[in-house]
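*Asks:* Here is what each chain is made of, one letter per residue.
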Amino acid sequence: QVQLQESGPGLVKPSETLSLTCTVSYGSINAYYWGWIRQPPGKGLEWIGYISYTGATSYNPSLKSRVTISLDTPNNRFSLRLISVTTADTAVYYCVRVVTGTSNYDYWGQGTLVTVSS
Amino acid sequence: QAALTQPASVSGSPGQSITISCTGTTSDVGAYKYVSWYQQHPGKAPKVMIYDVSNRPSGVSNRFSGSKSGNTASLTISGLQAEDEADYYCTSYTSSGTYVFGTGTKVTVL
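Protein sequences appear in the order of chains A and B. With the working numbering, the residue at position 38 of the first sequence is 838, and numbering never jumps. With the working numbering, the residue at position 6 of the second sequence is 24, and numbering never jumps.
FYI, nobody ran anything at the bench for these hints, they're computed from the structure. Bear in mind that the values here come from a model prediction, so they are computed numbers and not experimental data. One should not assume that every hint holds.
Some chain B residues judged to face chain A by a derived CB distance under 8 angstroms, without partners named [claimed, not checked]:
#1 Q19
#2 P32
#3 Q34
#4 F82
#5 Y107
#6 Y111
#7 T116
#8 Y117
#9 F119
#10 G122
#11 V125
#12 T126
Where chain B lies over chain A, by a calculated footprint (3+ residues, C-beta under 8 angstroms) [to be verified]:
#13 817-824
#14 875-888
Yeah, the Cβ is synthetic: ideal placement off N, Cα and C, and Gly gets one too.
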C-alpha cells in the first residue's frame, strides 16, 4: 500500500518561503504524476500543481509566479516551494499521487497545516 | 481559473438517492473526460470516489456513480447511508493543462 507523508515547518513568517517535502513509501516515483493541493481552514480544496515522473510541471495560474514543484527520484520524494507567502497561504497542504493519463488522484498524504504568521 | 460550481449543500434520508452537480465551462468539464469526485470527512484527507467521469476505483461502493452532460458533471449516491455524510468536491482538467476544483458540497443524511 503506497503511503505519502508530508514534512516541513508548520509556521512560516510573511514574505518568507514555504517549503514542504512529500516522501513516498512502498511505491515508485516512476510512471506517475505527483502533486500538491491545499485547503485553507474551513474552506474548499485548491489545486496547486503537479509534476510528472519525467519532470514536466503544471501550476495553478494564480500561484504560478510563486510556486515550484520538484522531484527527488533517487530518494523517492518530491517537494513544494512557495515564495513570498502571506497569511492567505495558511492552509492544510496535501501531497497526492495522480495516475498518469487519468484524473485519478488515488493516494493522498494525511495533510500538514502550515500557518503564515509573524 | 474560476472554481467549478457546486451546490453548497444537499440532503437526503437514509435509503434515498441524491445527486450533486458540478458546473464548469467548455474549457474544462465540457471539453474533457477528466472529471473526478472526492469525499472528505472532517479532519481527514479526501478520498477518490469517481474518476474520468464515471469510473469507480476498486473498493468504492457501487452506490456511487458519475456522469456528465455538456458542461455539467454529476455524482449520484444511491441508497444513502449515514457514513456518506461528508463534503464532496469535483475536479476537472482544463484547457490550460491544469486542474480546477469545485466549490464543494456538504451532504447531510437526515
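*Asks:* Holds or violated: is there a CB of chain A closer than 8 angstroms to the CB of B:G122?
*Replies:* At 4 angstroms from the nearest chain A Cβ, B:G122 passes the 8 angstroms test, so the hint holds.
*Asks:* Quick check: do three or more residues in the region 817-824 of chain A have a beta carbon closer than 8 angstroms to a beta carbon of chain B?
*Replies:* With 0 residues in contact (Cβ-Cβ under 8 angstroms with chain B), the coverage given for the region 817-824 of chain A is violated.
*Asks:* Hint B:Q34 vs chain A: min CB-CB distance below 8 angstroms?
*Replies:* violated (25 angstroms)
*Asks:* Using the nearest Cβ pair, does B:Q19 come within less than 8 angstroms of chain A?
*Replies:* holds (6 angstroms)
*Asks:* Would the stated hint for B:Y111 survive a check requiring a Cβ distance to chain A of less than 8 angstroms?
*Replies:* holds (6 angstroms)
*Asks:* Go through the hint on B:T116 and say holds or violated, using the shortest Cβ distance to chain A against 8 angstroms.
*Replies:* holds (5 angstroms)
*Asks:* If you take the shortest Cβ to Cβ gap from B:Y107 to chain A, is it below 8 angstroms?
*Replies:* holds (5 angstroms)
*Asks:* Would you settle whether the hint for B:P32 is holds or violated, based on the nearest Cβ-Cβ distance to chain A being less than 8 angstroms?
*Replies:* Since chain A brings no Cβ nearer than about 27 angstroms to B:P32, farther than 8 angstroms, the hint is violated.
*Asks:* Was the hint right that B:V125 lines chain A, CB cutoff 8 angstroms?
*Replies:* With a minimum Cβ separation of about 14 angstroms from chain A (threshold 8 angstroms), the hint on B:V125 is violated.
*Asks:* Return the status of the interface hint for B:T126: holds when the least beta-carbon distance to chain A is below 8 angstroms, violated otherwise.
*Replies:* violated (17 angstroms)
*Asks:* With a cut-off of 8 angstroms between beta carbons, are at least three residues of the region 875-888 of chain A near chain B?
*Replies:* violated (count 0)
*Asks:* Could you check if B:F119 really has its C-beta closer than 8 angstroms to a C-beta on chain A?
*Replies:* Given a least distance of 5 angstroms, the restraint on B:F119 holds.
Violation of the numbered hints given earlier is confined to hints 2, 3, 4, 11, 12, 13, 14; the remaining hints are satisfied by the structure.
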